[in-house]
Amino acid sequence: MTLAALKRWCKKSPPAVNALDYYVTSAPSNQNAVDIFKGEWSSKFPESADVKAGNAELFTDGRVTFLNECLPGGLKGKKVLELGPLEGGHTYAMEKLGAASVLAIEANTHAFLRCLVAKETLGMKSHFMLGDFNRYLEETKDTFDVCLASGVLYHQKEPVKMLSHIAKRSKHVLVWSHYYDEKIIHKEGSHLGDYFEKQPIVQKFEGAEYKLYLKKYKEAVSWGGFCGGTGADAYWMTRVDMKKALSKQGYKHFAESFDHPDHPNGPAIAIYASKEVNE
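For the sequence shown, our numbering assigns the number 306 to the initial residue and increments by one for each residue that follows.
No lab work stands behind these hints: they were computed from the structure.
Remember, it's a predicted structure, so these values are computed and weren't measured experimentally.
Even glycine gets a Cβ: it sits at the ideal position worked out from N, Cα and C.
Careful: at least some of the hints might be erroneous.
Derived pair list, reagent style DSS-like, types lysine-lysine, alpha-carbon separation capped at 25 Å [said to hold, decoys possible]:
(1) Lys-580 to Lys-476
(2) Lys-349 to Lys-473
(3) Lys-521 to Lys-476
(4) Lys-557 to Lys-381
(5) Lys-557 to Lys-521
(6) Lys-462 to Lys-430
(7) Lys-509 to Lys-553
(8) Lys-384 to Lys-401
(9) Lys-521 to Lys-492
(10) Lys-580 to Lys-381
Quick list of simulated restraints, FRET-style, between CB atoms [as the list claims (entries may be wrong)]:
(11) Asp-538 to Val-329: 20 to 28 Å
(12) Gly-555 to Gly-378: 19 to 27 Å
(13) Ser-347 to Glu-374: 23 to 31 Å
(14) Gly-382 to Lys-446: 15 to 23 Å
(15) Arg-474 to Val-507: 26 to 34 Å
Take the sequences, apply the hints, and build the full model.
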């Protein structure tokens with residue numbers, strides 16, 4: 306074998322595995338479990354957990370409080386469907402507010418396992434499932450009191466279709482999402498425009514037209530804690546079209562909060578929508 310061939314073989318050969326590296330020899334602790342995914346965590350655990358993970362305050366997030374305030378009777382006793390729980394922060398918050406049950410569906414394998422670590426660390430009773438929630442929404446006959454779709458719409462290839470599926474399963478929904486605004490995303494000095502196609506595609510869905518803007522993740526997919534969608538790109542909706550799509554699916558009552566046009570990752574807003582008008 307020539308030196309060049311040997312170098313090629315070495316590059317292809319997988320690194321040697323030492324099974325002993327998978328064992329923990331320190332005393333059992335929640336931190337040991339958290340550290341399986343060290344460097345990947347986004348969320349900061351509640352202080353009561355006494356563990357170090359990420360920095361985002363998702364376990365005490367005001368968006369869940371907003372949902373609780375909008376929903377008739379609050380979350381207490383409600384059957385909840387959560388799409389994309391990431392690390393279980395919102396799941397935990399909804400449990401604390403009295404949700405009767407939470408089914409949380411996550412497609413990212415590492416995020417799903419981090420949810421299980423959080424569940425064990427905090428003694429949560431919610432049920433986490435691994436898989437594509439779009440497939441679940443298409444196939445299930447189950448219905449829910451409310452759906453939480455926080456941080457997932459802008460990761461979709463077919464965002465309008467996703468909203469239509471939610472509408473068939475729940476009369477109430479909270480969507481927190483980034484949205485496309487040309488003036489903000491392509492303003493001078495902004496890095497956001499580098500990830501977007503300027504020209505939208507126009508999608509017709511159930512008699513209405515929507516403008517969708519392609520966003521590519523680029524280098525973001527190289528991070529171990531990547532929490533995007535299942536593909537290398539996604540389509541963003543405009544704020545107006547988000548609300549139009551919800552209206553077309555029968556949602557009549559709306560409330561908005563967390564309107565952050567200057568969010569570093571792109572303009573964002575939380576929209577609560579209900580099919581019940583007398584609230």
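26 to 34 Å as the expected CB spacing between Val-507 and Arg-474, which holds or is violated = Taking Cβ atoms as reference, Arg-474 and Val-507 lie about 27 Å apart, which means the hint holds.
inquiry  = Next pair to validate is Lys-557 with Lys-381; report whether the Cα-Cα distance is within 25 Å.
reply    = Holds, at roughly 23 Å.
ask   = Are the Cα atoms of Lys-557 and Lys-521 separated by 25 Å or less?
value = 33 Å, violated
request  = Check the following: the C-beta atoms of Ser-347 and Glu-374 are separated by a distance inside 23 to 31 Å.
outcome  = Once the Cβ atoms are compared, 25 Å apart, the range 23 to 31 Å for Glu-374 and Ser-347 holds.
request  = Take the C-alpha atoms of Lys-509 and Lys-553, compute the straight-line distance between them, and say whether it is at most 25 Å.
outcome  = 12 Å, holds
query = For the pair supplied as a hint, Lys-580 and Lys-476, is the alpha-carbon distance within the 25 Å limit?
reply = 5 Å, holds
ask   = Is the hinted pair Lys-521 and Lys-476 satisfied, with a Cα-Cα distance of at most 25 Å?
value = 32 Å, violated
query = That 20 to 28 Å hint for Asp-538 and Val-329 (C-beta), does it hold up?
reply = 38 Å, violated
query = Given a hinted range of 19 to 27 Å, is it respected by the beta-carbon distance of Gly-555 and Gly-378?
reply = 21 Å, holds
25 Å limit on alpha-carbon distance, applied to hinted pair Lys-349 and Lys-473 = It is violated: about 34 Å lies between the C-alpha atoms, which goes past 25 Å.
task = Below or equal to 25 Å on CA atoms is what counts here, so check Lys-521 against Lys-492.
result = Distance ~18 Å between Lys-521 and Lys-492 Cα, so the pair holds.
25 Å Cα cutoff - pair Lys-580, Lys-381 = 19 Å, holds
Violated hints, listed in ascending order, are 2, 3, 5, 6 and 11; each of the other numbered hints is respected by the structure.
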